[in-house]
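K.L.:
For the record, the sequence lines run as chains A and B. Just so you know, we're using my numbering here: the first sequence kicks off at 41 and counts up by one. Just so you know, we're using my numbering here: the second sequence kicks off at 614 and counts up by one.
There may be inaccurate statements among the hints.
Unchecked claim - Computed Cβ-Cβ distance ranges for the label pairs, DEER-style:
1. B:Gly-621 with A:Asn-274: 51 to 61 Å
2. A:Tyr-445 with B:Glu-669: 33 to 43 Å
3. A:Phe-719 with B:Glu-818: 49 to 59 Å
4. B:Gln-627 with A:Val-555: 43 to 53 Å
What the hints assert, rightly or not - Heads up, simulated DSSO-like pairs for lysine-lysine below, C-alpha to C-alpha not over 27 Å straight-line:
5. B:Lys-675 with A:Lys-627
6. A:Lys-416 with A:Lys-517
7. A:Lys-338 with A:Lys-324
8. B:Lys-646 with B:Lys-821
9. A:Lys-382 with A:Lys-252
10. B:Lys-646 with A:Lys-577
11. A:Lys-531 with A:Lys-452
12. A:Lys-531 with A:Lys-395
13. A:Lys-577 with B:Lys-821
Unchecked claim - From the structure, some residues in chain A lie toward chain B, with a derived Cβ separation under 7 Å:
14. Ala-514
15. Ser-681
16. Leu-699
Worth flagging that the hints you see were computed from the coordinates, not collected in a lab. Virtual Cβ for every residue (Gly too), placed ideally from N, Cα, C.
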Amino acid sequence: MSSESSKKRKPKVIRSDGAPSEGKRSRSDAEQEGKYYSEEAEVDLRDPGRDYELYKYTCQELQRLMAEIQDLKSRGGKDAAVEIEDRRIQSCVHFMTLKKLNRLAHIRLKKGRDQTHEAKQKVDAYHLQLQNLLYEVMHLQKEITKCLEFKSKHEEIDLVSLEEFYKEAPPDISKAEVTMGDPHQQTLARLDWELEQRKRLAEKYRDSLSNKEQILKEIEVKKEYLSSLQPRLNSIMQASLPVQEYLSMPFDQAHKQYETARHLPPPLYVLFVQATAYGQACDKTLSVAIEGSVDEAKALFKPPEDSQDDESDSDAEEEQTSKRRRPTLGVQLDDKRKEMLKRHPLSVVLALRCKDDSVLQLTFYYLMNLNIVTVKAKVTTAMELITPISAGDLLSPDSVLSCLYPGDHGKKTPNAANQYQFDKVGILTFRDYVLELGHPYLWVQKLSGLHFPKEQPQHTVIADHSLSASHMEATMKLLKARVQSRLALHKQFASLEHGIVPVSSDCQYLYPAKVVSRLVKWVTIAPEDHMELHFTKDLVEAGLAGDHNLYYLALVERGTAKLQAAVVVNPGYPSIPPIFQLCLNWKGEKTNSNDDNIRAMESEVNVCYKELCGPRPGHQLLTNQLQRLCVLLDVYLETESHDDSVEGPREFPQEKMCLRLFRGPTRMKPFKYNHPQGFFSHR
Amino acid sequence: MDAPGPLGQVEVFQALRQLHMTIFSQSISPCGKFLAAGNNYGQIAIFSLSAALSSEAKEESKKPVVTFQAHDGAVYSMTSTDRHLLSAGDGEVKAWLWADILKKVKGCKELWRRQPPYRTSLEVPEINALLLVPKENALILAGGDCQLHTMDLETGTFTRALRGHTDYIHCLALRERSPEVLSGGEDGAVRLWDLRTAKEVQTIEVYKHEECSRPQNGRWIGCLATDSDWMVCGGGPALTLWHLRSSTPTTVFPMWAPQRHVTFYQDLILSAGQGPCANHWQLSGELKAQVPSSSPGLLSLSLNQQPAAPECKVLTAAGNSCRVDVFTNLGYRAFSLSF
Numbered sequence: 041m042s043s044e045s046s047k048k049r050k051p052k053v054i055r056s057d058g059a060p061s062e063g064k065r066s067r068s069d070a071e072q073e074g075k076y077y078s079e080e081a082e083v084d085l086r087d088p089g090r091d092y093e094l095y096k097y098t099c100q101e102l103q104r105l106m107a108e109i110q111d112l113k114s115r116g117g118k119d120a121a122v123e124i125e126d127r128r129i130q131s132c133v134h135f136m137t138l139k140k141l142n143r144l145a146h147i148r149l150k151k152g153r154d155q156t157h158e159a160k161q162k163v164d165a166y167h168l169q170l171q172n173l174l175y176e177v178m179h180l181q182k183e184i185t186k187c188l189e190f191k192s193k194h195e196e197i198d199l200v201s202l203e204e205f206y207k208e209a210p211p212d213i214s215k216a217e218v219t220m221g222d223p224h225q226q227t228l229a230r231l232d233w234e235l236e237q238r239k240r241l242a243e244k245y246r247d248s249l250s251n252k253e254q255i256l257k258e259i260e261v262k263k264e265y266l267s268s269l270q271p272r273l274n275s276i277m278q279a280s281l282p283v284q285e286y287l288s289m290p291f292d293q294a295h296k297q298y299e300t301a302r303h304l305p306p307p308l309y310v311l312f313v314q315a316t317a318y319g320q321a322c323d324k325t326l327s328v329a330i331e332g333s334v335d336e337a338k339a340l341f342k343p344p345e346d347s348q349d350d351e352s353d354s355d356a357e358e359e360q361t362s363k364r365r366r367p368t369l370g371v372q373l374d375d376k377r378k379e380m381l382k383r384h385p386l387s388v389v390l391a392l393r394c395k396d397d398s399v400l401q402l403t404f405y406y407l408m409n410l411n412i413v414t415v416k417a418k419v420t421t422a423m424e425l426i427t428p429i430s431a432g433d434l435l436s437p438d439s440v441l442s443c444l445y446p447g448d449h450g451k452k453t454p455n456a457a458n459q460y461q462f463d464k465v466g467i468l469t470f471r472d473y474v475l476e477l478g479h480p481y482l483w484v485q486k487l488s489g490l491h492f493p494k495e496q497p498q499h500t501v502i503a504d505h506s507l508s509a510s511h512m513e514a515t516m517k518l519l520k521a522r523v524q525s526r527l528a529l530h531k532q533f534a535s536l537e538h539g540i541v542p543v544s545s546d547c548q549y550l551y552p553a554k555v556v557s558r559l560v561k562w563v564t565i566a567p568e569d570h571m572e573l574h575f576t577k578d579l580v581e582a583g584l585a586g587d588h589n590l591y592y593l594a595l596v597e598r599g600t601a602k603l604q605a606a607v608v609v610n611p612g613y614p615s616i617p618p619i620f621q622l623c624l625n626w627k628g629e630k631t632n633s634n635d636d637n638i639r640a641m642e643s644e645v646n647v648c649y650k651e652l653c654g655p656r657p658g659h660q661l662l663t664n665q666l667q668r669l670c671v672l673l674d675v676y677l678e679t680e681s682h683d684d685s686v687e688g689p690r691e692f693p694q695e696k697m698c699l700r701l702f703r704g705p706t707r708m709k710p711f712k713y714n715h716p717q718g719f720f721s722h723r
Numbered sequence: 614m615d616a617p618g619p620l621g622q623v624e625v626f627q628a629l630r631q632l633h634m635t636i637f638s639q640s641i642s643p644c645g646k647f648l649a650a651g652n653n654y655g656q657i658a659i660f661s662l663s664a665a666l667s668s669e670a671k672e673e674s675k676k677p678v679v680t681f682q683a684h685d686g687a688v689y690s691m692t693s694t695d696r697h698l699l700s701a702g703d704g705e706v707k708a709w710l711w712a713d714i715l716k717k718v719k720g721c722k723e724l725w726r727r728q729p730p731y732r733t734s735l736e737v738p739e740i741n742a743l744l745l746v747p748k749e750n751a752l753i754l755a756g757g758d759c760q761l762h763t764m765d766l767e768t769g770t771f772t773r774a775l776r777g778h779t780d781y782i783h784c785l786a787l788r789e790r791s792p793e794v795l796s797g798g799e800d801g802a803v804r805l806w807d808l809r810t811a812k813e814v815q816t817i818e819v820y821k822h823e824e825c826s827r828p829q830n831g832r833w834i835g836c837l838a839t840d841s842d843w844m845v846c847g848g849g850p851a852l853t854l855w856h857l858r859s860s861t862p863t864t865v866f867p868m869w870a871p872q873r874h875v876t877f878y879q880d881l882i883l884s885a886g887q888g889p890c891a892n893h894w895q896l897s898g899e900l901k902a903q904v905p906s907s908s909p910g911l912l913s914l915s916l917n918q919q920p921a922a923p924e925c926k927v928l929t930a931a932g933n934s935c936r937v938d939v940f941t942n943l944g945y946r947a948f949s950l951s952f
């Protein structure tokens, strides 16, 4: 750069080089020897400060000369032109000096710039170098870190621990001497061993895989063989059916029953299981069967519950829109009722055979929406029974099981939640549907494992086996006793209607040999009629005459005396005694309200019934009571004090042997018969 | 009509017993606050009159405070001394301490029991009436064996047996002044006995008098009451007021039903018997009031005149039921106590 500029300046410099400069500094000889004049070199030699002084001096001189010229010009004169010329020439010289100085300054500037530039360039180069180096350093550092962080894959492998390695690895791999000292070698050795092990295991795996394939194939073969057996077994079972029947081991039948039992709703299932168990274990006379259609039961589970909800929703909508169309509303309500009272298609049938071959058949139904179990009863006897008129209700399905346990009428649903359901569909009482659906007795619920505690109504009651088991035996015994007692009554009624009180031979000791009073009438009466009789008021008030009892009217006669007896038979007969209320028509009407002796007679029959129970199970109670009533009437009539004012013989001569005729403030007659002495005394 | 609650065997039996219960006798405690009632099953129940009559009486106040089995047979008659309750029924008389009974000691034990010497042994005769003779500290028993037995209360020995009746004795009454005992029996006669001489002084055969005899009912004398010169008796014959010295019937009360209990009260005669009411008679023979009761027939009336408890001054009536009617104002039945 500087060489180029010096080349450019060279011609100029040579031309003006001829004139020696006044007061200029002296050039160094070294410079003059050069072929060309380098002003750049001159710049280096001159001192800028002195050049600046020179410049200032020159400017001053110029100013002075200019001033003088002006002076001269203003004064004018002849010398002036020469002076002025002189001064002009001096000023020109000064201008030359100034120009030179200017050039020098420029050159100096340029030089300085060049130097700066150069230095800058150097600095830049260094800077660049530094950057490069730094960059390299960084790069290297990164590489180092990378190297340091490098995890070779071998570290991800879980190698066996060192001790194990040294133990297990064969010496040619472990190379203990080398590896102990050198961790790198050690790791290598360990990896080697790992590889070795893996290869061996892969081998094993392949072997076992092929083994497995083989075994699977064998299994397939055997399975096919077994499935081919199935039809053969079936045919054997079919063939064995007659053998089963012959040996009376109905396994097949039982099996089928269990199959159908699986479709039973839970309460019926509990009942079935418990009853079968009880029957097998304790009571051979009990047999259990399932009736109904299994397909329907299966079908019950098919339609999802949403559709039922939809139905009811749409029903509700229809109801609202069709408020004006009355017939459809009623029909819909009816349908809703039917839906609510729907029974499960399967039912459990229990057949209890009693000693005299009469069978009590109980059919248990499950009402799905109400979650209760109902029962229908039927009594069939070995021989055809001629039903006496008064015995109509004894074995009727409606009442034969009433009050098996005290207070269990079976007319109300035991599930408290049902009341709300009934309100929705307008059912007032369950009683109306009982004939059709069966009775929901409490013991039936207990046998099915359903427990409805009175205080807490629950939404979901689950069938419980233990509840059923705990009640099974007692209930079965009560059922049998009930059937037996009803049948006994049945037979007795047949005899009573003919006017004969059937007293069994082992109860004859309770009565004297001769009983004159006779039973002439035995009829059944309705509860309302019973309540209307004037001599039964106290019984009704004491709450002993409810709807569930059976009512009868007996008439005992002797001569002109007629004794009416209203009999209340509790369904729990014979554990609960029948209650008699008497009315005697003889010389006036005497009842317990106006004759103490009639009261005593009632007491003899009602309160002292325990001695009349007869041999267990006490079926003779009613007939014994009736017979005793006849004896009491005899005693009453015969011991009546004779009215001396009336003429004529006594209507009833005293034939009974009595120690005393009257006793106590109430003048009681001797109603107690003493056996075997045969006389009457007072209690 | 549905039976209230499940009627098991036990409940039915209890109900039947209640239905056939007869209360034969009553007795007021010496403090006047308690009433004892004896029934045909041999039980004695103690009712607290003061509790039942108080203003805070509840249903339980009308139930017995204590009930215990006193006799095997019926308790036909009871009376109280100032410390003891004496009860008699089937052949023996037992004494109980009122204090012990009221302590509700379970299984009340009698203080003592006595059986008068009976002639027959075939049947144990009942004791129908007890009479206290305070002046001699003696107790007179009469009943089925047709005799009056006197027992000394201190020693417990039977001092005398008065014979004369031909049939069993129903009732006794004491004529303070003499002292004489009147007894009425099944044979239709009222006999007066002098206690000191132990002899029959007077006999009135009621049935022989036409005004009062009612042969259809019989001749038995069921009840007796005496007020020194006067005596009222009833039973088979009509209820009649007699003048004792002259043995003449002065007033016949027109009551058809045989009366079982009669007593003098102030200027009235109270009687009760068959028929569900207590009758108030004036001495002239007019029926002043007939107060219905809850039992179909009444056997005993009791007037609580103990000076210690004037607030319990009530008339109680019991008979052919398990209830004792309480008449606070003699004119109507206030409430009934029940066994």
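K.L.:
Work down the list of hints and note, for each, if the structure agrees.
P.N.:
Verification of the supplied hints:
1. B:Gly-621 with A:Asn-274: 51 to 61 Å: Holds - the Cβ-Cβ distance for Gly-621 (chain B) and Asn-274 (chain A), about 56 Å, lies within 51 to 61 Å.
2. A:Tyr-445 with B:Glu-669: 33 to 43 Å: 40 Å, holds
3. A:Phe-719 with B:Glu-818: 49 to 59 Å: 31 Å, violated
4. B:Gln-627 with A:Val-555: 43 to 53 Å: At 31 Å between Cβs, range violated.
5. B:Lys-675 with A:Lys-627: 39 Å, violated
6. A:Lys-416 with A:Lys-517: 18 Å, holds
7. A:Lys-338 with A:Lys-324: 32 Å, violated
8. B:Lys-646 with B:Lys-821: 43 Å, violated
9. A:Lys-382 with A:Lys-252: With Cα atoms ~57 Å apart, Lys-382 (chain A) and Lys-252 (chain A) exceed 27 Å; violated.
10. B:Lys-646 with A:Lys-577: 34 Å, violated
11. A:Lys-531 with A:Lys-452: 31 Å, violated
12. A:Lys-531 with A:Lys-395: The given pair, whose Cα atoms are some 15 Å apart, holds under the 27 Å limit.
13. A:Lys-577 with B:Lys-821: 40 Å, violated
14. Ala-514: With a minimum Cβ separation of about 14 Å from chain B (threshold 7 Å), the hint on Ala-514 (chain A) is violated.
15. Ser-681: 5 Å, holds
16. Leu-699: It holds, given that the least Cβ distance between Leu-699 (chain A) and chain B is near 5 Å, below 7 Å.
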